[in-house]
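Participant: Each chain, letter by letter, is given below.
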Amino acid sequence: MRRDLASLSPGGRWISFLRGYGPVNRVDGMYAETIQALAGRYGVPPLRFDHPVAKQLAEALDPSSGTLCNVVLTGTAGDGKTSLCNEVWERLGGDSSRTSGANRDDYLVLPVEVGARRIRVHFIFEFSGFAPPRGERWPEEKLSLLELFGKSVLGQANDDIFVIAANDGKLVQAKEGLVEGSAARHVWRDIERMLATGAEPGAGRNLLFLNLSRMSTRDLLSRALKCLLDREEWQCFDKEVDDPAFSSGSPLRLNHSVMADSLFQNRLLALAELCDANGLHVSIREILLLLVNALLGDIKSDERVLRLDGLRALALEGRAHEASIYRNLFGHNLKDNRREQYAVFRHLGTFRVGFETTNVLDALLVFGAEDEDLRQDHQRYVAADDPHGVRTEFERLRRAYVDADEDRGEATEFLAALADERRRLFFRLPDRDARLDPWRLTMFQSAASYRRYILGPLSRNEEVDPAIIRLLVCGLNRIWTGMLIGESDMLYVSTGLDTSAAPVSDVLVWRIPLIPSDFGERIEIDRGPDDMPLLRVSLGIGGRSATYPLHLLRYEFLTRVAEGALPNSFSKECNEDVLAFKSRLLSECGAARRLTESASPNRRGRPLSLLIQDAEGEPRVKMLGVSF
Amino acid sequence: MNILAPDNVLTASAGSRAFESVSIWLGEAVFGHRIWYRQTPWLILLEFLNVAEAFQRKSALLDEQTSPSYSLRFRMGLRQILFNGSDLERIASLNVDDESRWTEWLAQMGKQQCIPREGFGYLRERFKSFSDFAQLVRLLRQTGIEAGSNKRWSSRFIFPLGPAALFSDAAVDKSARVVRDYTVFGRSGEMLYQMLCRSDHADELRAHLERLLAPENERNRLVGLLCAPSDDEADRREEGESFLPYRKHPAFDRLAADWLKVLGLGLPDGDALTHLAPLAAFHLMLYQLETAAAALGSDRPVIVCEMIAPRRELVRQHAVNSFIENDALIRRALTERLMHRLTEIRKLADAQDATDRDRQEFIQDRLREEFNLKLERVGTDAELDLELGNHVERKLDQNDGLVHLNYGRSVGLVSRRGTNRNRYAPTDAFLKTLVLVRVDRRQELGLFLADLREQYGLVIGPEEAGAVLDREAFDLSSFDRNRDRLEARLASMGLLNRLSDGCAYVLNPYDSSEERP
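The listed protein sequences correspond, in order, to chains A and B.
Just so we're aligned: 217 in the numbering used here is position 217 of the first sequence, and the numbers increase by one with no gaps anywhere.
In short: position in the second sequence from 1, add 1000, done, that's the numbering used here.
FYI, nobody ran anything at the bench for these hints, they're computed from the structure.
One thing to keep in mind: the hints can contain errors.
[Said to hold, decoys possible] Now the in silico label distances, taken between C-beta atoms and shown as ranges:
(1) Arg346(A) x Arg1300(B): 37 to 43 angstroms
(2) Ser182(A) x Ile1324(B): 42 to 48 angstroms
(3) Ile1324(B) x Phe570(A): 35 to 41 angstroms
(4) Asp531(A) x Ser1149(B): 49 to 55 angstroms
(5) Ser517(A) x Glu1210(B): 34 to 40 angstroms
(6) Ser1149(B) x Phe570(A): 48 to 54 angstroms
(7) Val1009(B) x Ser182(A): 42 to 48 angstroms
(8) Ala1328(B) x Arg594(A): 50 to 56 angstroms
(9) Ser182(A) x Ser1013(B): 51 to 57 angstroms
Quick reminder that beta carbons are idealized off the backbone N, C-alpha and C, glycines included.
Isolated chain B (complex conformation):
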């Protein structure tokens, strides 16, 4: 499909919330507002689940809407207990009666800022003993997301065990008020939500998400024991500042299909999420690359993957080149868009036969209208070209140019291991996720490789390399060895069975739709 067809492209009009909240509306117009480069796969998933839960509450889960508004929860009661009460362990180990423990702990917690207005007294009614309470807190703390990172308590999260474990990013401001924190939930999760809404699989996904978000889930009930009654108030309102420019996009459907596959495998819920998170970031990254390529009229991007080799192999150079080429797509797409419009605007200005000053004002106005670009003055054409070029660079450095690298690395696709240059070199965990989503029970290795190319543009074996690379420019045998290394790695993970020298099957051990021996 042509994603750029006029009836498929949405535009954010000047004056809309999203448009006004951004200093230059450029990458946002092409990719949306916004895919935030600093958001890790888990934080993308958490933001997504928060948004999904908010719509579930409105009985509108995955219903398509162009300007969604919704409300999240801060759940300060739960978070105080989990992340701001460091004395819990000490009090639990005191050699005193239960009553004294509760008294001391409640007294300590009462001194904290931003606690629920009803206090923490509710906990005493819910737990038979203080040690049961402490044990549960300990268990939940073990599930911390990115627990290793040294974040302040209001930016820490637990594993999404159910709606009771979901809460918005937060910061405590100078006047001890809880406000949202844009650096943690940067709207990538919102984009993800909208993409799934617009995908062909929204209806099938809805049932799965409803199951994940069901309040009566066992693990959710456990978390719920800690939540204050006022934690359930949806106290963070969002008026819909996100923006996704395409009604339909093949990347949306592929993302949804992959999620659907994971959710249909019958994995324990928590295990399924460990695949959904990297898939989300991976597809957001692919979406950005593919959209950039489409905007430039280029073919779908090719992602040549090196299966890390002990020695320097020719494949590595191809993987480095392919990374660099794809990285440049984003810059080219943004530059092209701005400069193309500028040329059009100049033509319009010239057609008016106005004075230099009027012409500059015209250009200035149009740039403000179309890009929310507020220029002090517009100088000569050369000066303006230079200035706009700088703006593009700044946009790239601030966010748009960093998504490909950051998301690629965080999902385990991009690596610098063994070199000083980034290239595509997937990790075992990433390969495993690909097998889980693409293989029904088992698939012949050659067909698996062909499918990875068809589905994601990933190039690993000689057949695929031969189809996309210049025959003169590469050595087929190095891709033979690349495929052999993939095979060895899959086999070591129990994901491949070689039947003979001529035949190997990639196995999905989690797909039990047919009994395996």
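Bound conformation, chain A alone:
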């Protein structure tokens, strides 16, 4: 082993080290240690970038500012909680035993001079290890420590400050063991609310609550890409060009050049942005895994991730395309059950890239080279991407498929190759050509419009185009009424006489105009907590309104229904979800109505109005000669 190491070139050491970030077996719960060990063994510093919360954390725990603030760091495994804690420990004067891994205690205390005072900073590095197993009682001394933490947060214990890194599940469970009426229990209720809703700590709390699960995946990916691509070790492509592993025919080199391409990066960042928009978070650890697997994944290698000799073999045999970044990126180099273990691949999998397509885009891939109309686009988006371009292998399968008889069987091999080509095309198509919209290759066909008309304006603090709201209202009208009504200037809130989810809901309860009225009735899209777009319907009476976080999936559903899809056939769950929104809005309508009725108690009934469709399919309100 030692001799092997000594014989490794800098490039060789870099790749062997990098492989450790990939989807390879390692001991559970020992990630940081494994990476440290690899870094030591290969003499390569770990991948590092500024953690998005590092600055906030440093400010909260800066002795020169004269005060310290309690910190709770929580979130998904792999978002760097423990590392951040370790860094704080060292910065405040602790020894290097934490960062080196020599000290792995769950709990340590560090005295810190703040001005003339001496403050005890309590570090709970790993709350999961600190807390008793589920169902067991807290030991007295730990319970009183948590009580001290509670008091410190509430401003009742100023000589003690806590820095706690906790898995959020463990954090929530801990509440059960805390004494009712205690300061700790009080603070825990706050913590639970902040976790679930993203709210800030209440007034008068000395607490910085950092939920790393709410960090933007797009931001993390952007930092990770830069950090990885900026590493000087990539000099191996110049300095070790004689090694086939780093030669121009190497899959690593091919994949690296794709990853460095700005079109590719932007599309990948857009995917991450849409994960955020669907409420899906990916941890730092898995983002690095994603990138390393994209570079080194290979279906035929040991653990499905290439080593040096594998790189060399593929380069020498001219099979670099077999380790294509486009397949690796979605984890298709991994076995199904292995891929499913990683949130990053589950989340990216929801886009179904490779499985969704349109006639035009498939024609471009299969017939583009020969088709008069498509030839130019084919050259530009498919063939030019050499040597992933019109590869001999795909070409062979394509020929066989095109020339085959009627009974050509299932063509499994060709279809798999076609799926890979679609994945490649997804990253190659331009942003604003409706005919060649890359998002048509995903399950979210509305993604381009969602980014352009929703995320874009909101990020610039601009208003959303009323035409988009009109489209969404059309979807809502169709789902809520059970009728295939056309676009309209009104949002109709209707119900069955029996239940609000009646298949045909034709009893009109309320109408909200698309054009905001002078009485405060309006339908708008603004930004909610977490920057999530929020559809808000205001009734204009007593401030009553209902909101609906507009995830990409919901946007997709509403626009598809507006364009003619039947609600239940697209997704039963989405349909239920939109009906639940109606139910909430109906409750608001009821409350608003009670307000108006209490203002005019002598009013005698209100005419029963039915929503019907006229011959053109336009919604019309018919008032019956009977009153409620």
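We have chain A already, so just place chain B on it with the hints.
Facilitator: Below, chain B alone, put in the same frame as chain A:
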């Protein structure tokens, strides 16, 4: 609490109406008279609302009484219009003036049996046009309960929009008289009513029910437009033949608490009822199982639920076993009760040192007194054991043994999907109802699962399975996957939010006691 404590148990004495109306007073003594297996959740709720409305009229809603008598309404006027006048649509579409439409329709209706004595002329004064009238009828017909089933018109119901929409089950007999029909309202709704009366939450529930049953409700006024003046006569009298054996029972309180939660969510009234109906049937079923277990001195029943898996999973076998075990509880409880008493009676008979004939007569008399069991003759002990065994089987087959399965299926807890055996495999709708009643705003998934076990005996996740199943006999990971499938299903319904790999919250989107983002 010990529900079997002597001061908690009521007995129906020989000679009472309930006792005399039943051929063998056996399941009735243990569970009450009666939980009728054929009654669907909606029909249970309808019967309940009818009974509640009858007591509301007497200003005695949810007041506890041991032998309640009350009167329901047949509302034949409304029902004729809704369900026995098939020509309405045709007449409404005739190209004639309004006057002619009314004339033709009134002439048609005048020929029907069992119409209100004042006729239907009142409708002309209430509606501006025939088409308004027809439109309202159409709307109300859309709300039909179990409209898909092919029932005769006198057994059809509309959604309980208010007291005007409530009416008793009915049949028209040979002499064109309206009489009650026991197969539709089989007293499960009456049992439900009594359980709520005896629960700890009767006072809080009263206010909610008064609101549901208020005549001035908008939708009730709409139905009222169709009702004949004579429809309001309470023409079906009940003298109190139902019987509920326990003064207090934890199942009563849980039922009431769940109902209270639904009614307090501020849902539109109709939506609330769609949860009350399955909860009613579910709790009646749990009540029967728990009572049987208590009678046998066993622990509370465990209900192992399979979240239906694409492949055969070990959980399925546990769910099947748990269903079978619970199903057997009812048989065991009834057999045990009859045989235990028989042994006692025989001891008494033997103590009298009488002739064989006197001994048999003694046993015969006592069986009649205690069980209303009228035997022609009592043979040898072996013969009698056999005969009584047959009686128990018959009771089980006629009703008592079928409640668990039928109610379980109709609420969406029991299913045969994917197999040929019944087991607990809850539907999405049932899970949603559980979330609505058990979660205040949000609850951590693990705590939610623990609560379902605590509250109902439902076992879904590994922690709960570990607590009730023999550790040797099962594979923890299969319950891990079971919990994961539950999580996926809740998430797809918008009832769960996973914050990270370590933490997921079950959400009750209807509980708005705190503003959600």
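Participant: What are the numbers of the hints that this structure violates, sorted from low to high?
Facilitator: Structure breaks hint 6 only.
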